[in-house]
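Here is how the chains run, residue by residue.
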Amino acid sequence: MSKFKNTFSSSLGKKLIMALTGLFLCTFLVIHLIGNLQLFKADEGKAFNDYAYFMTHFTPIKVVSYLLYTSIIVHAVYALMLTIGNRKARGTNYGAYAGSANSPWTSRNMGILGTILLIFIVVHMQNFWAEYHWGAMPGVEYRTNILTQETTQTDLPAGSVTEYTKFVENGVEITRAKDLYKVTASAFKNWCLVALYVFAMGALSFHLVHGFRSAFQTLGWDHNRYVGLIKCIGVWGFGVLIPLGFAAMPLYFFFLK
Amino acid sequence: MSGTMNLKLKVWRQPNSEAKGSFVNYDAANVSPDMSFLEMLDVVNEDLVKKGEDPIHFDHDCREGICGMCSLHINGRPHGPKQAITTCQLHMRSFQDGQTVTIEPWRAKAFPVIKDLAVDRSAFDRIQQTGGFVSVNTGGVPDANAIAIPKPVADEAFNSATCIGCGACVAACKNASAMLFVSAKVSQMALLPQGQPERYRRVQAMVTQMDEEGFGSCTNTGACEAECPKEIKITNIARMNRDFFTAKFFKQEEV
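Respectively, the protein sequence lines represent chains A and B.
For the record, in the first sequence the residue sitting at position 33 is 33 according to the numbering used here, with numbers rising by one throughout.
For the record, in the second sequence the residue sitting at position 161 is 161 according to the numbering used here, with numbers rising by one throughout.
Across the chosen pairs, the derived CB separations fall in these ranges:
(1) G111/A to S122/B: 27 to 33 Å
(2) G111/A to N25/B: 30 to 36 Å
(3) I112/A to V24/B: 29 to 35 Å
(4) G228/A to G3/B: 43 to 49 Å
(5) T162/B to L229/A: 26 to 32 Å
(6) S135/B to V64/A: 46 to 52 Å
(7) K3/A to S135/B: 21 to 27 Å
(8) T70/A to N145/B: 52 to 58 Å
(9) I147/B to H223/A: 20 to 26 Å
(10) I112/A to S135/B: 43 to 49 Å
Quick caveat, the hints were computed from the structure, so don't treat them as lab data.
Here a beta-carbon is modelled for each residue, glycine too, at the ideal position from N, C-alpha and C.
Using the sequences and the hints given, assemble the complete structure.
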């Protein structure tokens, strides 16, 4: 065990932890985005509310979610430790330092971008995650005619739905759930919050443009055969597509709903 | 005189490693554009000596870009504004008449200032001493071509071996990380058959010493690769990481 301890206390070991937690968080973003695309479905939020219940109550997902919270904390704590160590390693600062001449801006500012993201994650979890678990959530009832598949939606008073229920009565499927869709829709009527979310997705883009490729470099995966693909996924997938997808959600509710 | 230039120098002066240093301004007058940067400093120093002042201390030796002795952080960049050259190969034509030139020593806790612009780079020597070698047994001289080495591998090993250990990578890195230097030294031997017996012991020993010397850790900015006078590639860093993790997780050799 002491050998492993000594591995992870070395500079390379700490970087390995940053790379592995970072890549795990990247895979989470893909799942999170795909799931949240259900916000765009024109069904008064039924698919999204069903999904929210599933994600918070299905055991394997719950296990992964605790792994996720741990990863965020470990990634941030190790980043702080490494940053402090790196500052100390410089000693006296340069009078003139032309960083832009030899390295991209994103690569030199991962700490600032990461701090923005950490603040965003706290606000984001307060807005929806904490609200969903402990807040007085508005309820919703969906009645779907099994034969015609027509769905009607009725709002229920806040705090009235504590348990997700789904049953069939006289050929009508009745679903009662916490209405996270409504909470989302009303939260994104607040322009301050919309601005914060869009800004944070900008920071996410810059963070991942460097971070995704950098993680593979740390792992030592930089063979010519696939390094181009890694760079491409890092820039276009994680730097453009994913932040754009997330930023589209608050903008959609603010302007189109 | 026509065709010469006048520069304002902002030079870091520090009497010894304990003293607190500061920038001092000097005028470099009538500088020929064909001078090297170090020759320009020689001329400034001659004037200082004539005036009875302490000349500016800086490291230099071969003055042809192969020894790794010269350093200098010029206008925020190690070895000045040009690519793939050392300070001794930098010519004054790379500057403009009237320009202010800031000259500083390499800044890293592991490279303490000896005096003015000269820093102590013996941390690199100590890293080398822990593993930057191959052990050769005594006995008959082996035939030079007894072990075949594929051309691409030999080329890659030679590329890594061109590192002159000047420390520009540490100076350029925002974290003062020595990863490019150490990875080049690890790679040049990890790539060749002669380096195999000690491969996994070497990488662990050198990384451990690198950490002990107080260098920072790599954040893959690529600044080292951009500033390296010998154009050592950061693929060496990826290779060292692979070897280090392989050693730690899959090999017997312990350090």
